[in-house]
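Engineer: Line by line, the protein sequences give chains A and B.
Taking this note's numbering, the leading residue of the first sequence gets 1, the next gets one more, and so forth.
Taking this note's numbering, the leading residue of the second sequence gets 1001, the next gets one more, and so forth.
One or more of the hints may lead you astray.
[Claimed, not checked] With a cut-off of at most 20 Å between alpha-carbon atoms, the simulated DMTMM-like pairs for lysine to aspartate or glutamate come out as follows:
{"no.": "1", "chain 1": "B", "residue 1": "1097", "chain 2": "B", "residue 2": "1130"}
{"no.": "2", "chain 1": "A", "residue 1": "172", "chain 2": "A", "residue 2": "197"}
{"no.": "3", "chain 1": "A", "residue 1": "88", "chain 2": "B", "residue 2": "1105"}
{"no.": "4", "chain 1": "A", "residue 1": "38", "chain 2": "A", "residue 2": "264"}
{"no.": "5", "chain 1": "A", "residue 1": "184", "chain 2": "A", "residue 2": "212"}
{"no.": "6", "chain 1": "B", "residue 1": "1135", "chain 2": "A", "residue 2": "89"}
{"no.": "7", "chain 1": "B", "residue 1": "1135", "chain 2": "B", "residue 2": "1109"}
{"no.": "8", "chain 1": "B", "residue 1": "1135", "chain 2": "B", "residue 2": "1164"}
{"no.": "9", "chain 1": "B", "residue 1": "1049", "chain 2": "A", "residue 2": "166"}
{"no.": "10", "chain 1": "B", "residue 1": "1266", "chain 2": "B", "residue 2": "1240"}
{"no.": "11", "chain 1": "B", "residue 1": "1204", "chain 2": "B", "residue 2": "1234"}
{"no.": "12", "chain 1": "B", "residue 1": "1049", "chain 2": "A", "residue 2": "140"}
{"no.": "13", "chain 1": "B", "residue 1": "1049", "chain 2": "A", "residue 2": "131"}
{"no.": "14", "chain 1": "B", "residue 1": "1191", "chain 2": "B", "residue 2": "1280"}
{"no.": "15", "chain 1": "B", "residue 1": "1056", "chain 2": "A", "residue 2": "140"}
{"no.": "16", "chain 1": "B", "residue 1": "1266", "chain 2": "B", "residue 2": "1227"}
{"no.": "17", "chain 1": "B", "residue 1": "1056", "chain 2": "A", "residue 2": "307"}
{"no.": "18", "chain 1": "A", "residue 1": "88", "chain 2": "B", "residue 2": "1109"}
{"no.": "19", "chain 1": "B", "residue 1": "1049", "chain 2": "A", "residue 2": "170"}
{"no.": "20", "chain 1": "B", "residue 1": "1283", "chain 2": "B", "residue 2": "1254"}
{"no.": "21", "chain 1": "A", "residue 1": "184", "chain 2": "A", "residue 2": "155"}
{"no.": "22", "chain 1": "B", "residue 1": "1241", "chain 2": "B", "residue 2": "1273"}
{"no.": "23", "chain 1": "A", "residue 1": "185", "chain 2": "A", "residue 2": "152"}
{"no.": "24", "chain 1": "A", "residue 1": "169", "chain 2": "A", "residue 2": "127"}
{"no.": "25", "chain 1": "B", "residue 1": "1269", "chain 2": "B", "residue 2": "1280"}
{"no.": "26", "chain 1": "B", "residue 1": "1266", "chain 2": "B", "residue 2": "1234"}
{"no.": "27", "chain 1": "B", "residue 1": "1056", "chain 2": "B", "residue 2": "1033"}
{"no.": "28", "chain 1": "B", "residue 1": "1037", "chain 2": "B", "residue 2": "1098"}
{"no.": "29", "chain 1": "A", "residue 1": "88", "chain 2": "B", "residue 2": "1138"}
{"no.": "30", "chain 1": "B", "residue 1": "1276", "chain 2": "B", "residue 2": "1242"}
Hints in this document: simulated from the structure, not taken from any laboratory.
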Amino acid sequence: MCENNHQTSNHPSHFENQNDSNEIPTHVELKWDEFQEKIRGFRFFDPHIHMVSRTTDDYQNMAQAGIVAVIEPAFWVGQPRTGLSTFKDYYSSLVGWERFRSSQFGIKHYCTIGLNSREANNERLADEVMEILPLYIYKEGVVGIGEIGFDDQTELEEKYYRLQLELAKEAKLPVQIHTPHRDKKRGTERSMSIALEHGLDPSFVVVDHNNEETVKSVLDQGFYAAFTIYPFTKMGNKRMVSIVEEYGAEKIMINSSADWGISDPLAIPKTAALMVSRGISHDVIRKVTYENAIEAFAKSGQIHVSDFENGLSSDPSDKFHGNSVLRGGQQPKRNQNSLFID
Amino acid sequence: MISIVASMFPSYSSILYQVLQDHTTQEEIQWLDSIPKTDSLALMTSFVKTPRFIQKTTIQKTSQNLIPEIPGFQVEHWNLVRLSRVWLLTFVSDFPKDQCIQTIETLFDTAELNELVALFSALPLLPFPEVWLPKATDAVRSNMGFVFDAIAIQNPFPFQYFSELAWNQLVLKTIFNAKPIELIYGLIERKNLNLAFSTIDFVKERWAAGRDVPANVWQLVSLYVSESEISLIERLFLSEKEEDQIAASLICSESNWNSFQSLFIKYPKYKEEIQKRKWDWSKLSIVFK
Ligand SMILES: [Zn+2]
Chain A
1 MCENNHQTSN HPSHFENQND SNEIPTHVEL KWDEFQEKIR GFRFFDPHIH
51 MVSRTTDDYQ NMAQAGIVAV IEPAFWVGQP RTGLSTFKDY YSSLVGWERF
101 RSSQFGIKHY CTIGLNSREA NNERLADEVM EILPLYIYKE GVVGIGEIGF
151 DDQTELEEKY YRLQLELAKE AKLPVQIHTP HRDKKRGTER SMSIALEHGL
201 DPSFVVVDHN NEETVKSVLD QGFYAAFTIY PFTKMGNKRM VSIVEEYGAE
251 KIMINSSADW GISDPLAIPK TAALMVSRGI SHDVIRKVTY ENAIEAFAKS
301 GQIHVSDFEN GLSSDPSDKF HGNSVLRGGQ QPKRNQNSLF ID
Chain B
1001 MISIVASMFP SYSSILYQVL QDHTTQEEIQ WLDSIPKTDS LALMTSFVKT
1051 PRFIQKTTIQ KTSQNLIPEI PGFQVEHWNL VRLSRVWLLT FVSDFPKDQC
1101 IQTIETLFDT AELNELVALF SALPLLPFPE VWLPKATDAV RSNMGFVFDA
1151 IAIQNPFPFQ YFSELAWNQL VLKTIFNAKP IELIYGLIER KNLNLAFSTI
1201 DFVKERWAAG RDVPANVWQL VSLYVSESEI SLIERLFLSE KEEDQIAASL
1251 ICSESNWNSF QSLFIKYPKY KEEIQKRKWD WSKLSIVFK
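The shape of chain B in the complex, shown without the other chains (with noise of 0.2 Å):
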């Protein structure tokens, strides 16, 4: 089955090696040819030294659909030494399982944050995801910043394999942090009763706190919110920031619930907008950025 597939598609090392090709010199496309791809020792010292040889270039507009058989992973916005420590990992996919896992595990534990950044944003790729699940889901307690956005942000992992209740963590966790949301890949599809209830908990704590959340973070729980919540959505229609005003708006078009039908009638400011398609919650996430 899977060798089918694999002559049916070019390899991720292939598919990575052309954006390599793009935009290296030739000078660091020689060092990554130079890099014996059998050799664990060789793999893990080059993973290491990659800033060495290879420039911080950020990478521009790739394809949004890179590698076919993985919806959701993407390069765009990587620099160069990112991406080719992804690449150089694809080469230790090929390794026997337990050479491949030793050699992913010593990588881990000896990771500074951009090579934990670039194992991270290999998970996608490689082979055995449930020995890394756990890393993964670690890395969504990180502190380190730029380690939760490996996991979080653009990434098809969690997507794929997180349970519930990590899903829900890293969502909560991406607005506690103040992160954009819309940019966790699958959001829409993985909303869920759980992490509406959490978000409504989350929403009365930062308000108690005299703080506020994005409004987009409402699409959570529109949907699940019970009508017994109504004051909350009645207190976002009052609120002066005209993106709670249209939150909570679109709670209240997408709900069935009678009260809140009565509470549009009482402010139908955005009704006609909403139905004519001018918001929805993608809008929402890019005009208030």
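Here chain A stands alone, though its shape is the one from the complex (with noise of 0.2 Å):
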């Protein structure tokens, strides 16, 4: 299964291909002023972000352009992992740290749990894996399981696919199913029957990175369908206010899946820009950019829209000594017009 790691040289991120794209980024032409301007008064949740490759200018930037909530998928970070408590020391960074990080910027940071694809090709670490899972999905802000799904569509992806599949079931919550981006339109007919095939209700799964070739028969099918809005890559966010225009508000969603590779965390609010500058109603913004991910992962139980919509209220417990909980004094927003670096 390492023989395939070979190929992600050519791959800027874990899902997308950068050789079969021509798309130019069209994030760039709105002045920045005219972006905030744009996009004022909208509060975004990115349901889709590995933060654990972010730096911490990428949050105040977010919490600067609207984004009040983040899920991260359990993915791949970039190399094969060896053992099985470099896998454990992840999913804790995504409940633990990275969670942390995110609530000092007043960002509500969820995440789902699972075994990508891509290191389900390692059956025995796999298996050591989906032993540790339990421990995890039942945490507080796990929202569900995710990402999983195909990559190389191989044997060892289906077995593990399945039986996150079932996990989920049993403890009812959402799953955020990554699609593949080689022969991407059979491995999304594949993730979703195999789905329905265990039983899952479509209400409950979220389909990602799809394209104007998967988004019918997802939204048909009665599965959420969510786009990556990624640069250089398959979805730009020009197509992407087509896909609204044509397809509606309704079970659709957007999200940046920004990661270590060439990636975009305001790729939603800039997408929202181009939507609002397009003409689409605030509604139909809302929804795509809000609500549907809410709607959709809120099935968790997990999710309680009044912890981020009107700024991060923290447990009690955090704030219980009124302390700043960022290093000597820090305030989480510093002046990043200033020449001072006080």
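Combine the two chains into a complex, taking the hints into account.
Structural biologist: Dropping the structure here:
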């Protein structure tokens, strides 16, 4: 299975192939203050972003752009993990450090936990991971099993995909499906039919990384269709706008999937700004950039909108001593327009 | 020996259960009752699932001396989830040593933030403190505020088991993180020379950076500050903040050095009030919170 990983050198992200795209990013067309003006008053929820590979600057910019909550799906960190402990550490960082770091910028952090498809191909390790998953999926703020599904569409990928669907069913948790970048259409259909075969309610399943080729079938079968806005790749945000124009807002959601590749944690607000420019109604924009994601993942019972819609209100014990949890009394926002670094 | 103690006092479990009973609903206590207390896997998953069954109601007033054998252990301002989790851990204490350690280790390994808080809060109640000591000193290094708080604030474990070095780290990091040192259990009892030196260094660094330190930090320095540091104390007298001037006065009132006595004569504003016991370090913490 490791042999497959040499392909990653062509892959700027875990799901996109730079070579099969000539899409030019559109997000630079707006000036910053025009952009800010367009999204004024919006709140955004990014249901798919890998903050573990992003910087603190990203959190500041995201908060400023109106992102109030994110979901971080467990995925591949760029190179194969060699043992169970590194999986444990990774899952723990999703529910621990990353959640904490996010809270420092007023952004509510949730996650989905799962064994990713690439690493499902290491059977020995995958079995060990399956054993510890139950200790993670019932944790506070874990809003689903994810992202799981197919990458190379191997038999082992299918085996662990099925096992995790069963786990999701038992725990009554939503599922976040990663669809493969190669042979996407077939992979997407296969993912959906297996989910149905296991008796999952499609309204509990978010199929991710859709495009024009897959969206109709996903929606027709009652699944949520998520779209990843990722520069230089298949889904730029101009095309996203067209999809919303064609299919409406029902069960459609947008995410950034920002990770260690060339990606943009502001993909949602930028796409929203573009939709505003194109005259799409605010109600529709709100649905695809905020409400639908909440509706889908709140089925976990773990999302309480009051926790973030008017700024982050943390657990009373967090703020009990009224302290700033930042080092040495740092403030969460600094003035980025100043030359002075105090 | 241990069995005699156990028979003399109610067990930790039953003391905590009493508090839980006073604060939970019928449904909540039923769930807590239904957990099999001798099955380690059941205890672990219940520990994880607690927030699904127990509300995060904050516990207000409880006895400050809840468990007489463990002075300083208290559950005031905890939420019910945290208390329920700590209570579940008291049953793990009854397991054979290996199983107890393994269960707690697994919970630590896989813990999220609130679970970590519960685990560190439970340390004073767990057997084999030497096993948990490295975890506790690690928690002091945590960048996650509430994990740090769980070990540093109102927790008697560090007071009882930390080495001087680890203790000093805890106190310094509390100051560094701008948290209230007066909430560290045993702060006064474990004052020491090395801590005073490090505190003075720290204050100098902060002043060089144009920042200040809370006035009650000076209680760590008082008794240990040497005559060569007199300019620091004078600077404190010249501070615009009343609490700094009081801190300087308290240091002079506690010092036997002649030069400090002369300084006190030069800046006598709070001398009388200190003699009349209007001011001491604890009052400084309360008034200038
Ligand atoms: Zn992803």
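Engineer: Work down the list of hints and note, for each, if the structure agrees.
Structural biologist: For each hint, the structure was consulted:
1. Between residue 1097 of chain B and residue 1130 of chain B the alpha-carbon distance is near 13 Å, which keeps this suggested pair within the 20 Å criterion.
2. Using a Cα cut-off of 20 Å, the hinted pair residue 172 of chain A and residue 197 of chain A holds, with the two alpha carbons roughly 16 Å apart.
3. Restraint check for residue 88 of chain A and residue 1105 of chain B: the C-alpha separation of about 13 Å stays at or below 20 Å, so the hint holds.
4. A hinted pair counts as satisfied when its Cα atoms are at most 20 Å apart, and residue 38 of chain A with residue 264 of chain A qualifies at roughly 18 Å.
5. At most 20 Å may separate the alpha-carbon atoms for a hinted pair to count; residue 184 of chain A and residue 212 of chain A meet this at roughly 11 Å.
6. A C-alpha spacing of about 15 Å is found between residue 1135 of chain B and residue 89 of chain A, which places the hinted pair at or below 20 Å, so the restraint holds.
7. Taking the CA atoms of residue 1135 of chain B and residue 1109 of chain B, the gap is near 11 Å; set against the 20 Å cutoff, the hint holds.
8. Between residue 1135 of chain B and residue 1164 of chain B, the direct Cα distance comes to roughly 16 Å. Compliance with the 20 Å bound is thereby established for this hinted pair.
9. This hinted pair checks out: residue 1049 of chain B and residue 166 of chain A have alpha carbons roughly 19 Å apart, not beyond 20 Å.
10. Proposed proximity of residue 1266 of chain B and residue 1240 of chain B is supported: the alpha carbons are some 17 Å apart, at most 20 Å.
11. A C-alpha spacing of about 14 Å is found between residue 1204 of chain B and residue 1234 of chain B, which places the hinted pair at or below 20 Å, so the restraint holds.
12. Distance hint between residue 1049 of chain B and residue 140 of chain A is fulfilled; the C-alpha atoms sit about 8 Å from each other, no more than 20 Å.
13. This hinted pair checks out: residue 1049 of chain B and residue 131 of chain A have alpha carbons roughly 17 Å apart, not beyond 20 Å.
14. Only pairs whose Cα atoms come within 20 Å are accepted, and residue 1191 of chain B paired with residue 1280 of chain B is accepted, the gap being roughly 16 Å.
15. As the CA atoms of residue 1056 of chain B and residue 140 of chain A are separated by approximately 12 Å, the hinted pair is consistent with the 20 Å bound.
16. At roughly 16 Å between alpha-carbon atoms, residue 1266 of chain B and residue 1227 of chain B fall within 20 Å of each other, so this suggested pair holds.
17. Distance restraint check for residue 1056 of chain B and residue 307 of chain A: the Cα-Cα separation of roughly 13 Å lies within the 20 Å cut-off, and the hinted pair is therefore satisfied.
18. A threshold of 20 Å between alpha carbons decides the hint, and for residue 88 of chain A with residue 1109 of chain B the separation of about 7 Å falls inside it, so the pair holds.
19. For a cut-off of 20 Å, the pair hint linking residue 1049 of chain B to residue 170 of chain A stands: about 14 Å separates their Cα positions.
20. Taking the CA atoms of residue 1283 of chain B and residue 1254 of chain B, the gap is about 16 Å. The hint holds against a cut of 20 Å.
21. Restraint check for residue 184 of chain A and residue 155 of chain A: satisfied, since their Cα atoms lie roughly 17 Å apart, inside the 20 Å limit.
22. At most 20 Å may separate the alpha-carbon atoms for a hinted pair to count; residue 1241 of chain B and residue 1273 of chain B meet this at roughly 17 Å.
23. For the hint linking residue 185 of chain A to residue 152 of chain A, the alpha-carbon distance of about 13 Å falls within 20 Å, and the restraint holds.
24. A C-alpha spacing of about 19 Å is found between residue 169 of chain A and residue 127 of chain A, which places the hinted pair at or below 20 Å, so the restraint holds.
25. For the suggested pair residue 1269 of chain B and residue 1280 of chain B, the alpha carbons sit about 15 Å apart, so the restraint of at most 20 Å is met.
26. Taking the CA atoms of residue 1266 of chain B and residue 1234 of chain B, the gap is about 10 Å. The hint holds against a cut of 20 Å.
27. As the CA atoms of residue 1056 of chain B and residue 1033 of chain B are separated by approximately 18 Å, the hinted pair is consistent with the 20 Å bound.
28. Distance hint between residue 1037 of chain B and residue 1098 of chain B is fulfilled; the C-alpha atoms sit about 17 Å from each other, no more than 20 Å.
29. Using a Cα cut-off of 20 Å, the hinted pair residue 88 of chain A and residue 1138 of chain B holds, with the two alpha carbons roughly 18 Å apart.
30. Between the alpha carbons of residue 1276 of chain B and residue 1242 of chain B the distance comes to roughly 18 Å, so the proposed pair stays at or under 20 Å and holds.
In the structure shown, no violation is registered for any of the earlier numbered hints.
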